[in-house]
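Chemist: If you want the building blocks of each chain, they are given just below.
Number of protein chains: 6
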Amino acid sequence: MLTDSDVERWLREDVGHHDVTNDVPGETTGRLVAKESGVAAGVDAATAVFEYLEVDVTERVADGAGVAPGDALLRVRGPATAVLRGERVVVNVAAHASGVATRTDAAVAAAREVDDNIRVAATRKTTPGLRGVEKRAVAAAGGDTHRLDLSHMVMVKDNHVAELGLTEAIERFRERASFATNVEVEVEGPDAAARAAAAGADVVLLDNMTPAETAAAVDRVRGRDADALTEASGGITVETVPDYAATGVGVISMGGLTHSAPALDLSFRTGGDG
Amino acid sequence: MLTDSDVERWLREDVGHHDVTNDVPGETTGRLVAKESGVAAGVDAATAVFEYLEVDVTERVADGAGVAPGDALLRVRGPATAVLRGERVVVNVAAHASGVATRTDAAVAAAREVDDNIRVAATRKTTPGLRGVEKRAVAAAGGDTHRLDLSHMVMVKDNHVAELGLTEAIERFRERASFATNVEVEVEGPDAAARAAAAGADVVLLDNMTPAETAAAVDRVRGRDADALTEASGGITVETVPDYAATGVGVISMGGLTHSAPALDLSFRTGGDG
Amino acid sequence: MLTDSDVERWLREDVGHHDVTNDVPGETTGRLVAKESGVAAGVDAATAVFEYLEVDVTERVADGAGVAPGDALLRVRGPATAVLRGERVVVNVAAHASGVATRTDAAVAAAREVDDNIRVAATRKTTPGLRGVEKRAVAAAGGDTHRLDLSHMVMVKDNHVAELGLTEAIERFRERASFATNVEVEVEGPDAAARAAAAGADVVLLDNMTPAETAAAVDRVRGRDADALTEASGGITVETVPDYAATGVGVISMGGLTHSAPALDLSFRTGGDG
Amino acid sequence: MLTDSDVERWLREDVGHHDVTNDVPGETTGRLVAKESGVAAGVDAATAVFEYLEVDVTERVADGAGVAPGDALLRVRGPATAVLRGERVVVNVAAHASGVATRTDAAVAAAREVDDNIRVAATRKTTPGLRGVEKRAVAAAGGDTHRLDLSHMVMVKDNHVAELGLTEAIERFRERASFATNVEVEVEGPDAAARAAAAGADVVLLDNMTPAETAAAVDRVRGRDADALTEASGGITVETVPDYAATGVGVISMGGLTHSAPALDLSFRTGGDG
Amino acid sequence: MLTDSDVERWLREDVGHHDVTNDVPGETTGRLVAKESGVAAGVDAATAVFEYLEVDVTERVADGAGVAPGDALLRVRGPATAVLRGERVVVNVAAHASGVATRTDAAVAAAREVDDNIRVAATRKTTPGLRGVEKRAVAAAGGDTHRLDLSHMVMVKDNHVAELGLTEAIERFRERASFATNVEVEVEGPDAAARAAAAGADVVLLDNMTPAETAAAVDRVRGRDADALTEASGGITVETVPDYAATGVGVISMGGLTHSAPALDLSFRTGGDG
Amino acid sequence: MLTDSDVERWLREDVGHHDVTNDVPGETTGRLVAKESGVAAGVDAATAVFEYLEVDVTERVADGAGVAPGDALLRVRGPATAVLRGERVVVNVAAHASGVATRTDAAVAAAREVDDNIRVAATRKTTPGLRGVEKRAVAAAGGDTHRLDLSHMVMVKDNHVAELGLTEAIERFRERASFATNVEVEVEGPDAAARAAAAGADVVLLDNMTPAETAAAVDRVRGRDADALTEASGGITVETVPDYAATGVGVISMGGLTHSAPALDLSFRTGGDG
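Protein chains in written order, with the numbering used here: chain A, 1 to 274; chain B, 1 to 274; chain C, 1 to 274; chain D, 1 to 274; chain E, 1 to 274; chain F, 1 to 274.
Everything labelled a hint here was simulated from the structure, so no lab data went into it.
Since the structure is predicted, the reported quantities are computational estimates derived from the model, not experimental observations.
All C-beta atoms, glycine included, are put in the ideal place defined by N, C-alpha and C.
It is possible that some hints are incorrect.
Computed cross-link-like contacts, EDC-like style, restricted to lysine to aspartate or glutamate with a CA-CA straight-line distance of at most 20 Å [to be verified]:
1) K35(E) x E168(F)
2) K125(F) x E36(E)
3) K157(F) x E27(E)
4) K157(C) x D207(D)
5) K125(A) x E8(B)
6) K125(A) x E113(A)
7) K125(A) x D44(B)
8) K35(C) x E59(C)
9) K125(E) x D207(E)
Cβ-Cβ distance ranges computed for the label pairs, FRET-style [to be verified]:
10) T210(B) x N208(A): 39 to 47 Å
11) T210(B) x R269(A): 17 to 25 Å
12) D191(A) x T167(C): 32 to 40 Å
Please work from the sequences and hints to get the whole structure.
Modeler: Here you go:
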């Protein structure tokens, strides 16, 4: 969850010790406006910034709402000094989160054209300090958050398998982890995928495979009659999402949803009718 | 500056309350490796993360160094548990900062092809919580940090001018701000640019102008025989940088250096010769 | 994970602004000693406290180790001032965590007498600020951490069911939550248990049932040929654990492992052979 | 005092990055209800949690109030999302603090049956991070907080006496400590008790003595005609309190009031009449 | 900017774990009153303290206002417990900041008697943790904040000059620093002052010179027809300010404005008409 | 106690986001040097600053040591960048604390000329954020810290007396406060002083009395044959200390020791023999 001390840190780094330009008497209104089309996110965070500054948020869209140029994501009314003090941070967090949401939306749409049930997921490749903001932006746009942190789901990696063997590695972590925690196994080929499924992996991560290899691995996993979910990952872009969606894989995950999405172009306008 | 509590916050959000996979006995080595060419940055931050975890950084490149696929940005040796605990955060911060540096480098190169002395600057459109990391990445790649925070330089905006008149607005803020602080004035056309320079602006911000308008404004400012520096800003991309560089403007600033640079593709590899 | 700022907060609240008794020249040794038998935990946290104070931990048991009266949990050497400054906090955190581990161990032993595979789990009823310390103490003693936080696993509660119906509630949260996240459903009788399993719950929480009701519910869930795991919860104590273990339930969870375990009696002794 | 950052830390550790179950529209009411009899405490802290979340606390008992099964400790009204987000932390802190208060109340009652003026005190054996919450719970139930931190009162320990001699140790710390600070001396037998009183101790700590030894020590201290207060400590339980209360000692202190009190059974119920 | 966590830290260090005297029922009023004449500052900070405690500030003077004995700097109304809890911190911060403002006012007045345009500036010699409070107090009294932090303006020091030569040192830092950042050069005699101005320093710091040397250096700088501003620094007091003001120097800076100003005598009175 | 996060906050406020002047290769030495005579304090804090930056403190005086011009308070060796980064904060904290110690030393000396046993104490009128640093500076110079925080000793104020009557006020707070806590009563004349002593005050605060009134009040308190200690407070300066010391009062307290002591003139010099 976003806390006051997150907001405080963002404001402090932007304002510095003594700003002479924002010392403006009276009240003002303002609105956060889209300058291009996309999916709004970070509106919760923007609201928290203004509330920390005791500025009223009088109207706002929900995270996940589609916006067109000129649309307001939120409207505020409050002391001019406080509104001006918050505006840059508000634009920065909302433009970043909306950029993540907009790219997520594009990836989900591309995948759903091919397969209605497939999930498009983010990864742990998030911007330090913004894990929650970015994961919630992904969710708001219809994406899947994937692991929220290391403790959320066990990932059995190749070095674990090298050391213990596939079956024993899965068993060891299954035992050490809570019943509440799923176990995913990273594999690099169809054979290993089948073995991981047979050994009881909840999810099989098909890492850095081509669409053809992915399809083969998905078949092998199904052939074991296993319940295991399959996930494709590694260098997948919005452009290549359809190729992976056609493989029958259950989840497509993309680091680029969070680490490389360009900001959505937003601006903050004070005055007028708020 | 980066502090231990920044590092702590990044690690805490990534690790969670109980991770069962990183509990590995013994020591290990590891290296942060580039998977594509670019400019390294965030290596200071990555080093701070490992040092917080009491992992030795045995070798590292400087922020600003060029890297090719396979090059190591840093090498470490330490307890396996600590190395594994830090690796994701290290990749995330370095890939983000290196993405900023790589795009800055491209923009600087594009500008310098046209004008050897022009500066390419970032803006305050940074990722909340990462102001310092991003500004230092810009500087490491030869860019200009521009204002570090609101208190660093006064920006006279159109609403100030609307309220007070151009000359009086500059005078008021000149008086309120320290002698240590420069005063920049945002203008929207060549006429206003000339008037701002005449009124004593240290920097004249030519906002959202075309290259032709920018060139005209630069001429008008020079025509006043003024010392004022000129800055072009607003929607400039790496592609359009040369057009602006050709206008004679002193500084080109681009929000996209920080808010929309894709991450540089980095990975962390444990074991081997470190 | 435990951070320096946790340690700092613990020390600050115990030391205050000016303590005149710990200003002792020279080096000393010390050891944290058990005064009764039990299971050690919080040794990681105790180590972190001493390391923050730059006291060397020269020897230590692992969290989860059994200890008898007189056994040392850890030994240190360092500046006397620092050792004395840390000792009370170290005893407090280790005695608390070891109390949790000791009670967990008793509950696990009681359950395993009846059923070798049953899990004994903690809950989210932890001491504010010590979630991680307590959960890791539970794990160290062979217990199951259960949900680490609200985001770790979905819990469908009776008010959700009342509003949406059982099947739709499960479906809604299944869709909203990540594929990485399991869905548990809280039920109050055998019928609802069977329906929850049929509707695809990963875990069925049999809340506040007698052992007989629990056994009936477990049978009904199995009768659906479902993979669903069953969990018994609500007022279960170390004394009543065997009755529940005999029902065939998969998990027994007990808030009392964390919120009501008495501290293990530990003391810190300075000097001597360390 | 309890601060917003304490509350924030408690909430953050319980909620995690993305909880899908508490996203409920509209307002709700709720109440924190006792499921067993005891003494309420932590209601101030619970109030602070809800206020941080902008939930109105519409009614509450004072810390120290007696409660019976079904009694509400507090009632709230606010956004359902916020109420649900706070409930677990509120139960955890109040159940813990009320457990401390309830045990304190029992110990005070047991002591007062024997001696109307005797004080029953907690120690510094508190749960890390909860020093203030626990000490205030003790006070709310009629107990004595004893030292709030190391700086609050000087404790002359056996190692100080071994090094300096009893009289000189007392004098040294009396001189180093403020006039605002009392000096207590830990002794292990009646003789030392008498000498400590004669040497000017404000309080003589009779450590780990039997009731008979305690009575003898109290007599010896009184025999010196000294003003020194006497305190019995070391393994005293609610059961043995009366034996110590009968010795004439001034204070009985018990680490178990804070480190081993079971939580009072409380639950939070949403909806209904609030 | 001042944040809630600053306020929280100030309150926590003053209140401790359990204060029994401020537990007073009902509402009260109070006012912060000057006991001697001076210039008010820190009223923003005092207001923030009371607002953190949910006490209404019903009336207040602006930072920078002159006050006479008996004048109220602010008036409050709120829960008696909260008013009493905040009063000491409020007096402490406002008395300190007002002391800084009062001395600044005296220095500015002394300088302006001689030269209407001269600036009197603080330095980075501020009280750790109070940089912003002190700098804003200086500004409120008509002083100049000077550098807010190391990153605000480059200071070329004698060791830089020794290593690189004057001209190259200026060039190097001019290139490394942003165009937004001025470059000041510290010199120890009139010759070096002239060379620094010629080499393009924005500001020349005339360090530890007598008034006569200062006047000579100012002449030399002007003689270069340079735009460079001159600053005198080093042991200047309110008494010697006029001598420096008469030299024609542009800025007089005094560490003593912040590090040695005595507190303004203020007290807080509760009750009465608020 | 001083924590890493205090140090971090001091450094962060001084350094800002990007300082270009301290990026100096190699190692350096440095020393903190007195430029005038006084009493050193804050050396612990200065050491903590350098240790946070991983600079070795190779030699240092103890807090409380007398220093003459040219004397080094501490010497360091470490990376030049780190030494330069810390120097300003180190000077600021040590100069402030040493100023407090130097004034305390003067007040103690003035008082001891008259009465060998009298205590000279600070008050709670400290600089926000520096309570501990200042109290420890007072103690290092032979002063008495007085109350460290509100919870340390009960102060019965005139408004308490007005509401409850003197005797009942003392009794009420005696009962509410721990046996570990002394009770001081603020009085405004000799009669009240005598009554307070008779009613069992541990300390009687003679507030804002002349030396003659103080002497009278001290006599009246002694006349009651009471153990009560007496304290004179209110506008006492180093100059008037002897007059109060001659009254027989036990403690003289002075807010000016902490809130109005000028900084001791210190500077930091890099290079040379360290």
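Chemist: Each hint should be assessed against the structure and marked as holding or not.
Modeler: A quick look at each hint next to the structure:
The hinted pair formed by K35(E) and E168(F) fails the criterion: a straight-line CA distance of about 32 Å is larger than 20 Å. The straight-line distance between the Cα atoms of K125(F) and E36(E) is roughly 17 Å, inside the 20 Å bound, and the hint therefore holds. Annotation: proposed proximity of K157(F) to E27(E) holds, straight-line Cα distance about 18 Å (limit 20 Å). A hinted pair counts as satisfied when its Cα atoms are at most 20 Å apart, and K157(C) with D207(D) does not qualify at roughly 51 Å.
Distance hint between K125(A) and E8(B) is fulfilled; the C-alpha atoms sit about 17 Å from each other, no more than 20 Å. Annotation: proposed proximity of K125(A) to E113(A) is violated, straight-line Cα distance about 26 Å (limit 20 Å). About 19 Å separates the Cα atoms of K125(A) and D44(B), which keeps this hinted pair within 20 Å; it holds. A C-alpha spacing of about 18 Å is found between K35(C) and E59(C), which places the hinted pair at or below 20 Å, so the restraint holds.
Between K125(E) and D207(E) the CA atoms are separated by roughly 15 Å; this keeps the pair inside 20 Å, and the hint holds. At about 45 Å, the beta-carbon gap between T210(B) and N208(A) stays in the expected band of 39 to 47 Å. Checking the proposed 17 to 25 Å range against T210(B) and R269(A) shows it holds: the Cβ atoms sit about 22 Å from each other. With their beta carbons about 38 Å apart, D191(A) and T167(C) fall inside the hinted range of 32 to 40 Å.
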